[in-house]
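Asker: The task is simple: from the sequences and hints, build the whole structure.
Each residue of the sequence shown is one higher than the one before, starting from 3 at the first, in this note's numbering.
Derived from the structure by calculation, the hints contain no laboratory data. Possibly wrong hints are sitting among the right ones.
[What the hints assert, rightly or not] In silico DSBU-like pairs for lysine-lysine, Cα to Cα no more than 35 Å straight-line:
{"#": "1", "residue 1": "Lys82", "residue 2": "Lys128"}
{"#": "2", "residue 1": "Lys60", "residue 2": "Lys19"}
{"#": "3", "residue 1": "Lys82", "residue 2": "Lys103"}
{"#": "4", "residue 1": "Lys85", "residue 2": "Lys19"}
{"#": "5", "residue 1": "Lys85", "residue 2": "Lys103"}
{"#": "6", "residue 1": "Lys19", "residue 2": "Lys82"}
{"#": "7", "residue 1": "Lys85", "residue 2": "Lys25"}
{"#": "8", "residue 1": "Lys103", "residue 2": "Lys19"}
{"#": "9", "residue 1": "Lys60", "residue 2": "Lys25"}
{"#": "10", "residue 1": "Lys103", "residue 2": "Lys25"}
{"#": "11", "residue 1": "Lys103", "residue 2": "Lys128"}
{"#": "12", "residue 1": "Lys25", "residue 2": "Lys128"}
{"#": "13", "residue 1": "Lys60", "residue 2": "Lys103"}
{"#": "14", "residue 1": "Lys128", "residue 2": "Lys19"}
{"#": "15", "residue 1": "Lys82", "residue 2": "Lys25"}
{"#": "16", "residue 1": "Lys82", "residue 2": "Lys60"}
{"#": "17", "residue 1": "Lys128", "residue 2": "Lys60"}
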Amino acid sequence: MTSEPVLLSGGNPQITKGFGDEKVADYIAAVPGWKQAVCRQLDGLISDAVPNLSKAVKWNTPFYGLDDRHWFVSFHCLTKYVKVAFPAGTELDPVPPGTSKQPRVRYLDIYEDAPFDAEQFISWVKQASAMPGEKY
3 MTSEPVLLSG
13 GNPQITKGFG
23 DEKVADYIAA
33 VPGWKQAVCR
43 QLDGLISDAV
53 PNLSKAVKWN
63 TPFYGLDDRH
73 WFVSFHCLTK
83 YVKVAFPAGT
93 ELDPVPPGTS
103 KQPRVRYLDI
113 YEDAPFDAEQ
123 FISWVKQASA
133 MPGEKY
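Answerer: If you want it as structure tokens, here you go:
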């Protein structure tokens, strides 16, 4: 008998931490509703844009990097949107629109009824992957 993943406040799935494609796939499979398609699209765009990608789930969030310690993009689900985080977002051109309490972090919030610019997202991912990632 397989139990359903627990959804945290905002609908973000609670997934045990771990490394690899399978762990991120588990996270995406547990995402409810329309946000699952967005997360699947984000995972595909990131995976296609950056060769030799490392993936992990930490703190109920998929992380993407070039090794198992330094991460350049992540995302998680909130009640009304999917929040994409760029740890070095202030160094991207153009800078993603969402601000943070952390000086360098910038966000992209993706809502159900407001499609995002996939070409711009891919550009940010490629730029971010060329920078030293944050160590988590």
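Asker: Hint by hint, say whether it matches the structure.
Answerer: Tested hints:
1. With a C-alpha separation of about 27 Å, the suggested pairing of Lys82 with Lys128 holds against the 35 Å cut-off.
2. Of the pairs offered as hints, the one joining Lys60 and Lys19 holds, with about 5 Å between alpha carbons and a cut-off of 35 Å not exceeded.
3. Only pairs whose Cα atoms come within 35 Å are accepted, and Lys82 paired with Lys103 is accepted, the gap being roughly 21 Å.
4. Taking the CA atoms of Lys85 and Lys19, the gap is near 19 Å; set against the 35 Å cutoff, the hint holds.
5. Taking the CA atoms of Lys85 and Lys103, the gap is near 15 Å; set against the 35 Å cutoff, the hint holds.
6. Between Lys19 and Lys82 the alpha-carbon distance is near 24 Å, which keeps this suggested pair within the 35 Å criterion.
7. Simply put, Lys85 and Lys25 have alpha-carbon atoms about 19 Å apart, close enough for the 35 Å limit, and the pair holds.
8. Proposed proximity of Lys103 and Lys19 is supported: the alpha carbons are some 25 Å apart, at most 35 Å.
9. As the CA atoms of Lys60 and Lys25 are separated by approximately 10 Å, the hinted pair is consistent with the 35 Å bound.
10. Of the supplied pair hints, the one linking Lys103 and Lys25 holds, its CA atoms being roughly 29 Å apart against a limit of 35 Å.
11. Restraint check for Lys103 and Lys128: the C-alpha separation of about 24 Å stays at or below 35 Å, so the hint holds.
12. Annotation: proposed proximity of Lys25 to Lys128 holds, straight-line Cα distance about 23 Å (limit 35 Å).
13. With a CA separation close to 20 Å, the supplied pair Lys60 and Lys103 stays within the 35 Å bound.
14. Between Lys128 and Lys19, the direct Cα distance comes to roughly 25 Å. Compliance with the 35 Å bound is thereby established for this hinted pair.
15. With a C-alpha separation of about 24 Å, the suggested pairing of Lys82 with Lys25 holds against the 35 Å cut-off.
16. Note on Lys82 and Lys60: the hinted pairing holds, with a Cα-Cα distance of about 22 Å set against a maximum of 35 Å.
17. Note on Lys128 and Lys60: the hinted pairing holds, with a Cα-Cα distance of about 22 Å set against a maximum of 35 Å.
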